[in-house]
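Using the sequences and the hints, build the whole thing.
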Amino acid sequence: MFVPEGGGALIEFNNAKVGADNYYADVYGWDYSIERKEYINETRATFPVFGVAKGDASFLCIMEGNNSFGSIYAENSKYNSSYNVIRAKYHVMHCGQYNVSNKTATQVFMFEKEMPEGGIVHRYRFLDSGNYADMATAYGEYLRENEMMSQAKASEDVPVSVELIGAIDKTVVKMGLPIDSVVATTTFAQAEEIVKDLLEKGTKNLNVRMSGWMNGGVNQEVIQKVKVERVLGGESGMKKLIKTAEDKNVSLFFDGVTCFAYNSGILEGFIPFGDAARYTTREQIVITQYDPITYLPQDWLEDYYLVRPAYAKKGTDNLISRLKELGASGIAFRDIGYFLSGDYDSKNTTTREEVKAMNIQSMLDAKDAGQAVMIKMGNDYALPYADIITDMDLFGTNYAILDQMVPFYQIALHGMKDYTGEPINLANDTVEQFLQCVEYGAGLNYTFMAEDTKILQDTLHSGFYAANYASWKEEAIATVTRYQTEMAGLNQQGIVAHETRDNGVTITTYEDGTKVYVNYSEQKQNVDGVAIPARDYSVERGSGK
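Just so we're aligned: 334 in this note's numbering is position 334 of the sequence shown, and the numbers increase by one with no gaps anywhere.
The set of hints was computed from the structure by calculation and includes no laboratory data. Treat the hints with caution; some may be incorrect.
Restricting the straight-line Cα-Cα distance to at most 25 Å, the calculated cross-link-like pairs of lysine-lysine (DSS-like) are [as the list claims (entries may be wrong)]:
| no. | residue 1 | residue 2 |
| --- | --- | --- |
| 1 | Lys356 | Lys314 |
| 2 | Lys313 | Lys367 |
| 3 | Lys243 | Lys196 |
| 4 | Lys313 | Lys324 |
| 5 | Lys225 | Lys314 |
| 6 | Lys324 | Lys367 |
| 7 | Lys367 | Lys314 |
| 8 | Lys314 | Lys227 |
| 9 | Lys356 | Lys89 |
| 10 | Lys240 | Lys225 |
| 11 | Lys225 | Lys313 |
| 12 | Lys196 | Lys239 |
| 13 | Lys89 | Lys17 |
| 14 | Lys113 | Lys347 |
| 15 | Lys243 | Lys367 |
| 16 | Lys240 | Lys204 |
| 17 | Lys473 | Lys243 |
| 18 | Lys37 | Lys113 |
| 19 | Lys367 | Lys239 |
| 20 | Lys367 | Lys240 |
| 21 | Lys201 | Lys243 |
| 22 | Lys314 | Lys324 |
| 23 | Lys239 | Lys324 |
| 24 | Lys248 | Lys367 |
| 25 | Lys227 | Lys367 |
| 26 | Lys454 | Lys473 |
| 27 | Lys454 | Lys170 |
| 28 | Lys248 | Lys204 |
| 29 | Lys515 | Lys204 |
| 30 | Lys243 | Lys324 |
| 31 | Lys227 | Lys243 |
| 32 | Lys54 | Lys78 |
| 33 | Lys227 | Lys174 |
| 34 | Lys324 | Lys225 |
Okay, here's the thing in structure tokens:
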């Protein structure tokens with residue numbers, strides 16, 4: 001059975017994992033407009049596809065129509081059944097429990113007023129092959145049926161994505177008083193120097209995401225107005241960076257988030273009573289951050305709001321318009337193409353499908369304004385409108401029921417779109433993250449800032465502690481230049497085969513016969529006469545050298 005975990009995963013029939021939990025994943029992730037009282041793991045299927053293969057036959061099921069209401073469920077044979085099961089499930093009518101009075105513990109269910117419009121469609125593809133690579137190729141052919149994808153072609157060189165952290169919020173002591181301030185971690189001038197340095201050292205196809213450049217930094221306030229941060233160099237510094245990127249043929253994208261309201265109130269143009277999305281119980285959606293260890297709410301972190309879709313669309317329009325005024329040619333959406341949540345306010349319900357359509361329109365609006373689009377994760381409905389997809393979760397979560405992770409989504413996309421994995425320097429295991437990118441034919445992704453990481457002390461931005469550019473540049477540049485050199489000519493080719501050997505070696509084969517061997521083991525391996533160093537990779541060129 002094939003399930004869309006990460007880039008894809010296989011569950012063998014009757015795999016004897018009787019104690020394993022069944023597989024479940026929400027299509028496009030959790031709908032934040034559905035209340036939850038605890039948080040253990042947020043499941044996600046970036047593409048709504050599942051399938052079954054046996055012998056020399058297989059089928060794919062592609063969920064269409066109102067697929068954002070769906071989820072994918074799989075169950076292996078256990079004590080109570082000899083069957084292996086895989087199917088789609090749908091949650092089309094949402095509800096929540098509401099305590100009608102403080103004088104009683106009685107709770108009532110409150111539902112949406114009506115069923116959503118539209119239907120559910122399952123499109124099946126039957127193949128005379130049981131190989132998951134052939135199944136992925138069939139899905140890629142399906143994606144190309146979209147008019148905007150039919151002629152899509154990836155860049156000649158493997159992409160490199162670099163996110164530069166512009167400014168952060170920090171409490172700074174001034175005149176003996178603690179003052180909430182915006183502190184620069186990478187000014188526009190410093191960003192110019194980093195870009196020049198990367199190019200001079202041989203980096204090709206460089207894509208830069210400038211984060212935290214406006215409205216209070218990384219935890220950006222709502223975009224009723226776009227205020228370029230003066231601590232970074234202001235509008236003049238930003239325009240100079242844009243000019244440098246144009247001259248150096250670097251794709252520069254300015255980051256923005258529109259679905260959430262951080263650190264925002266009446267003075268910033270956000271009134272929760274009217275601007276926050278609501279549950280079916282009519283309560284405002286306030287998002288609490290949970291501890292990944294205890295799964296309990298992190299009371300010391302500030303909650304934030306999910307905004308109404310119409311309010312989010314207005315913020316997106318403001319961002320697109322302002323970037324056009326400033327001369328920017330690229331926009332990086334932090335949420336569109338990744339998060340997807342409805343609004344179940346009984347007075348003005350907006351379904352997930354309607355929000356999906358609004359997000360697609362926002363990307364089209366950016367295109368019409370002459371801007372290239374960068375998205376994160378890469379939900380399939382956003383693919384036709386994105387120029388590059390970053391932060392793909394290649395491996396997903398290795399649930400006990402799964403037997404093998406495979407690059408299904410990446411096989412379908414390779415040669416059509418530029419994509420990268422998650423930031424290598426922020427990963428728990430940087431070598432493992434890099435090797436996954438090699439195996440999956442992905443570009444490389446880094447997150448940097450110019451200032452020393454000491455500046456992060458006493459802030460809530462500890463996730464950037466490994467982001468200092470000076471500490472990473474030699475290793476990062478060596479990795480990038482080697483990878484782009486050895487993978488030259490492959491980024492526009494399709495992946496035709498993939499194999500995993502028992503010794504921890506994977507083999508990815510491209511159209512011209514080039515094979516990329518990745519060795520995840522701690523020992524040197526020899527496969528097909530090719531020596532692969534421990535925790536490293538080797539490229540054997542085919543006919544199209």
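Hints, verified against the model:
1. Lys356 x Lys314: The given pair, whose Cα atoms are some 15 Å apart, holds under the 25 Å limit.
2. Lys313 x Lys367: holds (15 Å)
3. Lys243 x Lys196: Holds. Lys243 to Lys196 sits at ~13 Å (cutoff 25 Å).
4. Lys313 x Lys324: holds (17 Å)
5. Lys225 x Lys314: Measuring from Cα to Cα gives roughly 11 Å; hence the hint holds.
6. Lys324 x Lys367: holds (11 Å)
7. Lys367 x Lys314: holds (17 Å)
8. Lys314 x Lys227: Holds - the C-alpha atoms of Lys227 and Lys314 are around 16 Å apart, at most 25 Å.
9. Lys356 x Lys89: holds (19 Å)
10. Lys240 x Lys225: The given pair, whose Cα atoms are some 21 Å apart, holds under the 25 Å limit.
11. Lys225 x Lys313: Holds - the C-alpha atoms of Lys313 and Lys225 are around 13 Å apart, at most 25 Å.
12. Lys196 x Lys239: Holds. Lys196 to Lys239 sits at ~16 Å (cutoff 25 Å).
13. Lys89 x Lys17: holds (23 Å)
14. Lys113 x Lys347: holds (9 Å)
15. Lys243 x Lys367: Roughly 20 Å separates the two Cα atoms, so the pair holds.
16. Lys240 x Lys204: Distance ~21 Å between Lys240 and Lys204 Cα, so the pair holds.
17. Lys473 x Lys243: holds (24 Å)
18. Lys37 x Lys113: holds (24 Å)
19. Lys367 x Lys239: holds (20 Å)
20. Lys367 x Lys240: Between Lys367 and Lys240 the Cα gap is close to 23 Å, so the pair holds against 25 Å.
21. Lys201 x Lys243: holds (20 Å)
22. Lys314 x Lys324: With a Cα-Cα distance of about 15 Å, the restraint between Lys314 and Lys324 holds, given a limit of 25 Å.
23. Lys239 x Lys324: Holds - the C-alpha atoms of Lys324 and Lys239 are around 11 Å apart, at most 25 Å.
24. Lys248 x Lys367: holds (22 Å)
25. Lys227 x Lys367: holds (22 Å)
26. Lys454 x Lys473: Holds, at roughly 18 Å.
27. Lys454 x Lys170: holds (12 Å)
28. Lys248 x Lys204: holds (11 Å)
29. Lys515 x Lys204: holds (22 Å)
30. Lys243 x Lys324: Roughly 14 Å between the alpha carbons, so the hint for Lys243 and Lys324 holds.
31. Lys227 x Lys243: holds (19 Å)
32. Lys54 x Lys78: holds (19 Å)
33. Lys227 x Lys174: Given pair Lys227, Lys174 holds - Cα atoms ~23 Å apart, limit 25 Å.
34. Lys324 x Lys225: holds (14 Å)
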